[in-house]
Amino acid sequence: ELKGGAVQADASDKKALRQGILCSYTILDSSKPPHGNTNIRDNIIVLGIEASCGDTAAAVVRSNGEILSQVVSSQADLLEKYGGVAPKMAEEAHSQVIDKVVQQALDKADLTVKDLTAVVVTIGPGLSLCLRVGVRKARKLAGSFSLPIVGIHHMEAHALAARLVSQLPMMGSMKCVKCIKG
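Position one of the sequence shown corresponds to residue -1 (the numbering used here), numbered consecutively onward.
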């Protein structure tokens, strides 16, 4: 147990994630694309799971950036009740809704786990207790259907999200920089 009641991921969690991440690199190099598609890059479908702190979320996304579904379960009531994030309460809330959130994301996308190419999950930074809920759900799904797991760094994902919007007009950003400077 770490400071503040946080629990470090156990060795089997870390080993499985490492193996899953290494396995995930084979997705784009596979000689046998999923779903019979000859262009693997056009048909990658991933389930993303996010449980790093206060909300539980899942989304299904195609490799072309199309968001097929997105489901979020908020913990706003707990934040208000405890005056911020209470790690143990947040973990319990994630545990109570993770199955439902993931299933709703798949249902809204009109897909099953068998249609997925990989499972993506937040591995940090975040509250260890909460991260563990997401990682365990990802491991369970990936293990049951022989899917690779891709571990995602929460803050890097925020930064890289800008790449998803290729049509973003960059002219407006110059005004923002000017405002910040002075």
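There could be a bad hint or two in this list.
As the list claims (entries may be wrong) - With a Cα cut of at most 30 Å, we get these calculated BS3-like pairs of lysine-lysine:
(1) 138 <-> 106
(2) 79 <-> 98
(3) 112 <-> 138
(4) 138 <-> 98
(5) 98 <-> 86
(6) 138 <-> 86
(7) 112 <-> 98
In case anyone wonders, no lab produced these hints; they're calculated from the structure.
Point to revise | Satisfaction of hint between residue 86 and residue 138, Cα-Cα up to 30 Å | key: 22 Å, holds
Review point. Are the Cα positions of residue 112 and residue 138 separated by 30 Å at most?
Key: Since the Cα atoms of residue 112 and residue 138 sit roughly 13 Å apart, the hinted pair holds (cutoff 30 Å).
**Study point:** Hint consistency between residue 138 and residue 106 [alpha-carbon to alpha-carbon, up to 30 Å]
**Key:** This hinted pair holds, its Cα atoms lying about 21 Å apart.
**Study point:** 30 Å Cα cutoff - pair residue 98, residue 86
**Key:** Holds. Residue 98 to residue 86 sits at ~20 Å (cutoff 30 Å).
Review point. Do the alpha carbons of residue 138 and residue 98 lie within 30 Å of each other, as the hint requires?
Key: Holds - the C-alpha atoms of residue 98 and residue 138 are around 14 Å apart, at most 30 Å.
Review point. Do the alpha carbons of residue 79 and residue 98 lie within 30 Å of each other, as the hint requires?
Key: 23 Å, holds
Review point. Under the criterion that the straight-line Cα-Cα distance not exceed 30 Å, is the pair residue 112, residue 98 satisfied?
Key: 17 Å, holds
Comparing the model with each earlier hint shows no violations; every hint is respected.
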